[in-house]
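Chains as they are written, first to last, in the working numbering: chain R, 1 to 249; chain Z, 1001 to 1285; chain W, 2001 to 2338.
Among the clues, some could well be false.
[Claimed, not checked] Residues of chain W placed beyond 10 Å of chain Z at every Cβ, according to the derived structure:
#1 Leu2189
#2 Ile2194
#3 Val2211
#4 Glu2302
[As the list claims (entries may be wrong)] Residues from chain Z shown here face chain W by an in silico Cβ test under 7 Å; the list is partial:
#5 Asn1105
#6 Ile1268
#7 Pro1276
Hints in this document: simulated from the structure, not taken from any laboratory. Ideal Cβ positions, reconstructed from N, Cα and C, are used throughout, including at glycine.
Residue strings, one per chain:
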Amino acid sequence: MSLLRLEALSKKFGDHWALKEIDFSIGQGEIIGLVGPNGAGKTTLFNLITGRHRSNSGRVFFAEEDITSCRPHEIHRLGISRTFQSSRPFAKMSALENVVVGCVFRAEFHLFTRATDIDTAKQLLELVGLSHKVVTPAGDLTLSEQRRLDLARALASQPRLLLLDEVVAGFSPLAVKQAVELVRRVRERGVTLFIIDHFLSLSLRVSDRLLALDHGEKVAEGSPQEVMRNREVIRAYLGMRYEDEQHGA
Amino acid sequence: MWTTVLVSGITLGSFYTLVALGFALIFGVTHTFNLAHGELLILAGYVAYWLWKSFGIPFLFTFPAAVLVALVVCLVLQRLFSLLREPMELNSIVVSFGVAVLLQNGMLFFFSGDYRLIRVPALHQGLHLQTIYLSYSQLTLLALSLLVIGLIYLLMRHTYLGKALRATIQNREAASLAGIDVGRMGVLAFSIGALLIGLAGPLYGSIHYLYPTAGLQATLLAITITIFAGVGRIRGLILGGWILALAESSAVVLLGASWREMVSAVMILTLLAIRPQGILGREQK
Amino acid sequence: MSKAKAKNQRVKQFHLTKVALALGLVLLLLLPVLSHYSDYVLQVFTHALLLATLALAWNILSVSGSISLGHAAFFGVGAYGSALLSLDLGVSPWVTIPLGGLLAAAVAMIMALLCLRLRSAYFALATLAFVEIPKVITDNWNGLTRGSLGLVGLPGLPSLRLGSYHFDISGSPTGSYYFVLCYGLVLLLLVAVIFRSNLGLALQAIREEEVAAEAVGIQVQQYRLLSLLLSGFFTGITGACYAHLVRYIEPGLVYGLHFSAIPMVFAICGGRFTILGPALAALVLYPLDQFIFHPLLPAGHEFLYGAVIILAILFMPSGFWGRLRKGHLVSIKTGSIE
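With the rest of the complex left out, here is chain R (with noise of 0.2 Å):
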């Protein structure tokens, strides 16, 4: 049984198709890395899975039930995480009050915030490396450090499956390193992860396979060097264009 599953799924924003029959599935455990060039689509597949936007056809699944038409909040409470491509910490909360509220929506609704959300927030910031900067306010965190902090907010729920959105841009070699050493730890608490990916520096180092999209179709699948051999994986990031230049030449 998939943990995720896609059958067709499309979107169209106005004329122009972003997503086009997109069918995936992936595995209780696995990494999975979603790579392409800008503007393949793979913000928008992440949006469709996580209700932000409405699909036009096509469906999805999570654990085999039918989330197609929920509401973002809805995913969250099923067990779906996710961070934003580009930052968004709640600017002028501190480090910990963006990672309780991770904790706190969920189930029931508690007026309180309760102790055990607190120190689940207080265990995730010291796994994402932040707990010197515990009652700092988000706005003042460095990149590096908002995208941790993103990171900790997005596990506070204990989801099954995680959506990374380019966790990794801007990220010097050395903490590209330790954002691989991250992954892994967070796979180890038994979660599964979706990562988008366009540099590559990240996803071919930890994904079990890979999803490579173009101009909203999917192009290839498949472990990591299957897909980075594909031809047209390759002329999409790099535009070369070898069949046209085999035949027309």
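Chain R is fixed; fit chains Z and W onto it per the hints.
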């Protein structure tokens, strides 16, 4: 009776457009809302009133002074706005609101709360055209408004400066990349806005009582017409002005004079309900 | 300055402000005695407290990110609702005041349906327009509201009886003062609960990053609606209290700019992102306006509010109290000062 409503709608409506034009221009170029717009209008009216009443200056010669005062205040406002941080639209609303309060209190101090009116006897006579009676006041409003609007239209369409303004309205970033100094366009927009307010203010003072808190109605009016027209079309502003004035006149006929104030409010809420993305909705951010 | 020294400074500052606040509270409690029961002083501070409650109530909405220029709609509806129910139906003000609040909340619901979807700047403009509707209706519905003449001779708040003790409220400036002070403290407590609870977390998250808030499970529209309803409700209650304390209301006044604008000015100048800021600004600025500027400039003394809001937005967007508090951010979750 309905012909009177129609006539009133078109003459007053053209005037409303004149009032709204400055507001729309400033918003289009700088993406800021000037909630002190109405107060500026009243201030210009007060300046004209003061010169006319205290110094016996003929009505028409008060216009330059009104424009000058409006220009000074508008340029100060532009400087304040240039110090604002994001979110520009909301912050400009709050700051200009503060300026409006300052102006209201200033006018209260200098002119007291008494109702003032510039009575120009010549304007109270009129023409009879078959069954329609047109006062010279209405004719002046109509003629002056359309004249000035026409001049602005020509400016926007046929001068380099106007084209630069239109480019800035349509796409600030692109205009900047094309070499247009968008900061200076902002100053220009405020200046033209001041000119328009300076012309409209004395006219307003001749048809309406002036009192320090009268500005809000004028501001709501400008907001209504600007939202109706969307960005960058003078024709839309004219149509909006006519429709608003017609709606108001109809409301007065059907319900009574004191219901007039609600018309622009209802229109604003309706327009925003239909088009919740606001004025710049056409652009995709 | 070394880090440890800086931290020590902030801890000291934190404790100092606590002491100052406690002192301020004592002064407020003892004001009648301290002012030798001066009617004038008590009336000024009663009105200041009233404006403080309005600022606190306004801020409940602003925590969720929406700036309203039309809160006078709630004030006026609360005032007129309570006034008419007590005047025409003879119901006790103790009952009609909460009812006035509920009526205001109903109007808040209408505002929500019309305006809440709009982006912040357009929401503000829409609220500016929205006030005109209850105002013009009240002004014209002569049969119900006596129109623009207003309502005179409204029943005051009946005195409280405790055993053999008898507390005059509407009749006595001291009684009115303590009544509004109690209401203010209760509302302050409520606002503190809102801010410090998970509700406050939700509203602040919505204000900061609406999309991310939704992604962590917050039902954005419902929370925004709740904050608007609460804000409208308490503004209406204050309006109703006003009606029974002053015993005369008219549309131009209760729907006017004074009650729309000034609470917003206090909330922003004091500190939108804090609990106490709005109230403190009210208690400082209004008496300043009345005791100092009003005698100097009988006409136009309210320019003060225009000036401070411009200065605040340009130079101190988190408000005076907000700026002060930022220096010693108390993490409510860890309870420690950093």
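Hint by hint, work out which the structure violates, then give me just those numbers in ascending order. Going through the list in order, the structure violates hint 4 alone and respects the others.
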